[in-house]
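Whenever a hint applies, use it, and build me the whole structure from the sequences.
Chains as they are written, first to last, in the numbering used here: chain A, 1 to 374; chain B, 1 to 393; chain C, 1 to 258.
Calculated directly from the structure, the hints in this document are not laboratory data.
Not one of these hints is a red herring.
Here are the simulated DMTMM-like cross-link-like pairs (lysine to aspartate or glutamate), alpha carbons at most 25 Å apart as the crow flies:
id	chain 1	residue 1	chain 2	residue 2
1	C	148	B	209
2	B	19	A	271
3	C	170	B	209
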Amino acid sequence: MADIDIAEEIPLPAQQRPPVVTSGVIGWLRANLFNSVFNTILTLLAVYFLVSTVPPLIRWMFIDAIWSAPNGQACHAAISQGAGACWAFIGEKWRFIFFGRFPYEEQWRPLFVIVIIIGLILASCDRRLWGRRLVLLWPAGLVIVGILMWGGVFGLRYVPTELWSGLPLTLILAVIGMAFAFPLAILLALGRRSKLPAVRMVSVAYIELVRGVPLITVLFMASVMLPLFLPAGVTIDKLLRAQVAFILFAAAYLAEVVRGGLQAIPKGQIEAADALGLGYWRRTRLIVLPQALAMVIPPLVNNFIGAFKNTSLVLIIGLFDLLNTANTALTDSSWQGFANEAYVFIAAIYFCFCFFMSRYSQMLERTFNRGHRR
Amino acid sequence: MAVQTLATPSRPAPWRDPKIRAIVIQVLFVATLAALIGFLAYNTVTNLRRQSIASGFGFLDREAAFGIGESLIPYSPADTYGRAFIVGLLNTLYVSAIGIVLATILGTMIGLARLSSNWLVAKLAAIYVETFRNVPLALQLLFWWALLRGSAPSPREAWELLPGVFISNRGITFPVPFSEPAYLWMALALVAGIVITIAVRRWAKRRQEQTGQQFPTGWAGLGLVLGLPAIVFIAFGAPLRLDVPALRGFNFAGGTAMSPEFGALLIGLVIYTGSFIAEIVRAGILAVSWGQSEAAMALGLRPGQRMRLVVLPQALRVIVPPMTSEYLSLTKNSSLAVIIGYPDLVSIANTTLNQTGQAVEGIAMIMGVYLAISLLISLLMNLYNRAVALVER
Amino acid sequence: MSNAAEVLPDRMPAQIMIEMQAVHKWYGEFHVLKDINLVVGRGEKIVVCGPSGSGKSTMIRCINRLEEHQQGRIIVAGIELTSDLKHIEAIRREVGMVFQQFNLFPHLTVLENLTLAPIWVRKLPKKEAEETARYYLERVKIPEQANKYPGQLSGGQQQRVAIARSLCMKPEIMLFDEPTSALDPEMIKEVLDVMIELAQDGMTMVCVTHEMGFARTVGDMMVFMDRGEIVERAPPKDFFASPKSERTRLFLSQILAH
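Next comes the structure, spelled out in structure tokens:
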């Protein structure tokens, strides 16, 4: 066999450019927008749709919008002359929408609370912090949130929970709901897979019951029936009732997510743990749960998005979350009829939170899939 | 040779025996739970008695004394709470049923659009999905309600969208045809069309098995189902008298109206659930590996045949379970009607609760109904799953 | 660079099953097929080999339009391959393909997999399609699996079913895209045996494969591709004994050395 001289240069053939019609901008257009008769029609329809909706929308939202006005009537007068969105309404009402009935001078406190909670969420997204640091960071953060909201110590004025409202309330309900639902969900998931029939039946009954009914009924139940469940004289404030409802509700859905993770653990892991002599609880704590929980982080984030959206339901029991403060802002007699502006504004806020979280969960899923590919 | 008797393993001490431990743990668990429930029940009973609130379901026979905005069956405030409850239940089922059908159609179209090779269409569908998935449903309902109610003018200045269709703050009023005898025959013709289509399908399948010739059953069926009623209609002289709404005084008379509450609830639910269904459809079709389509192409199957015989059967297996979950979600989400004042089950039960003070019974009834619906749908879904499961070693 | 005349100087046109003339393909800016010229006569067995990424799969996928070429002409069984759907359908009826991942339809039984295309494309009656199916199942030596589902079969059995499925359409040409690469070693032989028998019955075959033993047994022509172009073509004897190009020698040393 002849010696192969690897150092010898193997000449590359000359690189040809692809034909213009199939490459570059024209190629892209042909391939993506006009590659068949049907698609061409669709593209034209889509362009027509865009042209007839986007410019008027931009005009309403930005170009013709009114950015400042003394009161509602002035805005309406301008609108009847062809102006667009009355953002002056938001300019006037934004503090109420964000902080609700929290005392005006103390509103720096809920502002800090918003910043802290957003900070905690962002910190949780950073994988470098996962582990002991995060487990310590969250309780510390929540304690600070509690101090800022309630006050009564460190010279801060006491603010009862009835006055907590707006975005801080939404964040608190969502975050604390998920935080406390999580351990309960783990217990329920383990219970559902337990070999003890009594434990299993109770877990299944709870999960299926709570998942089968709307959140509104759980909120009603908590709001109306919780006072009945407690001995006479023991009162429980409205916020706590709603919080308990969210925790109980989220726990059932999270339990199913955790159960999916538990089911995905190969049997060999349990067998190896048993062979090493670990008992049930040690095995669960050290081997099974860490793996299961790591696997279910993307669906967990999706559940958090759901929980965040669900907080909007508390308007039914009279709590003033972000949606309800916006709704209430609309009842001001001197600023009537700006529902569109209000709803678009808070829709944008909800969208930012939820969209960011969903993008993050998709990114996580991709990272984990990369790791699991054989 | 002496036979050695095997010593029976000695029973472990009672506190080490796993069987006994299991029983003891369960007994303790159930006992604790029972004690807790007993404590709560005792408190509830005491509190109810203290506030002189009645117990039991006797209140269902009492007069309701409140009006209901819209109802599928005749109802007046003189009717019982029980009847009011049924009105609410029917309203919930009504809006859920229509919502499920429309959301499926819309969601499937958007899901397919997201998979389109047309970049523009795919991107627009993606924007739709992201926008409506990430905003709370309660907010969306309020938005549509405000739009249909607030932004809409009074009946005197109502927008006439199409001849006879008016949008005002009383809702969307549109013409309805007066009942004609021909319509009964048309309904019969429709049923006949469906039955004949099934028969044609059987015949065409048998013919194909025997001779290989294909018959366009789909088009034939469509023609029968649409055509037969149309023929009957024409045979009767095409009777169509519309009850067109006309402005009388301050409101419309004639025609029928879809209230802004119902409209907002339906639109909100359909658009919101549609975005989730779109993702489910998209995931289902993507789950069928591209190799399946390639193999079908290599065998010479046309795109329609590929979809029908190879891709869709496999995609449906992945689509149906989460889809039924979404249907259940939509039904549960219809309970948000209470925010915009549509008289659904929860809304009416809430009013009843407030009037009679019997919170426990009221909430129990609501939960019972929704649980029944959930279990029914779960059962159907499990049956479906078992029937179409792919056979593997 | 070689042209058709050099390769097969005295073939009559009616006997040419596949002809690729100056075919180029790009993925965006990446030039994946460069000036492919290939002629396959009736009954010829062409084995295509080369390092991964050389474009061999892409090339044979262009033959039945699973991939689209941007420049050059491809003529299959006398029909020119263009965007015309009628041409594409006619070509796909005459060309069978066996995939690396089998791609059997998991929701249909083995028998239904085989009869699907004959019933819906060739419009055969069910009985006739089933007879043909059972005949080919017999030939790939698994007649007893007719009513099982693909998920219940081993990899080797599935690939043999895939071969039978293509044969039920009675194609003139069979394309094989690395048919044994996804199989466990003990199952490769059973699939190769079927392919050898098929070759000996006179089927026109184009195979992308690493199984050089198979190439030596039935191959009429070895085609070596590298970086999108055909570097060398020769009958197996000459190809293995005295490869002309450096790149061919490099490749052979890598796969034959163990």
